[in-house]
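Make the full structure from the sequences, and use the hints.
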Amino acid sequence: MLYMNDYFRILISIFVFIFILFVVYLILKRKLSEKDSLPWIFGLVFLIIISLNPNIFDSIANAIGVDYPPALIFAAAILILLFIIFINTMNISKLKNEIIELTQYIAIIEEKHCEIEAKLNEHSNEEHQRQDKKPKESL
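Just so it is clear: in the sequence shown, position 4 is 4 by this note's numbering, and no numbers are missing.
It should be emphasised that the hints constitute simulated quantities derived from the structure, not laboratory data.
Please note that a few of the clues may not be correct.
[Said to hold, decoys possible] With a cut-off of at most 27 angstroms between alpha-carbon atoms, the simulated DSS-like pairs for lysine-lysine come out as follows:
1) Lys-133 / Lys-119
2) Lys-112 / Lys-96
3) Lys-94 / Lys-31
4) Lys-29 / Lys-94
5) Lys-96 / Lys-29
6) Lys-94 / Lys-35
7) Lys-133 / Lys-35
8) Lys-31 / Lys-96
Rendered as structure tokens:
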């Protein structure tokens, strides 16, 4: 006979499995990189293991001295989310630096383009002036 606790564990396992499939789908569609998906996949696999066998989690909580095992779940979730936020912050900083470098590179290329365009216009004007000064042949 399944108790409410068992239904809840099965429900959590199904939800986590669907979320794993969603993460894999995002990887296949190139909307999420493999590197960025690893913390999510490891966390989700951990949740499946814990939901299918809560005794493992209780023994881990007892081994490290946590009196109330669900508190360990929240502590682990907070640490994992802080880790993900830290990695995202590092990526944002890296991307900001790359944007600055690319902006500077584009500005240099635009300046060189304007210089070349000015030289071409100057050269073209000189050619037109030379052609205007040449005597025209009469028929």
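The hints, checked one at a time:
no. : hint              : verdict
1   : Lys-133 / Lys-119 : 21 angstroms, holds
2   : Lys-112 / Lys-96  : 25 angstroms, holds
3   : Lys-94 / Lys-31   : 19 angstroms, holds
4   : Lys-29 / Lys-94   : 24 angstroms, holds
5   : Lys-96 / Lys-29   : 25 angstroms, holds
6   : Lys-94 / Lys-35   : 15 angstroms, holds
7   : Lys-133 / Lys-35  : 69 angstroms, violated
8   : Lys-31 / Lys-96   : 20 angstroms, holds
Of the hints listed earlier, the one the structure fails to meet is number 7.
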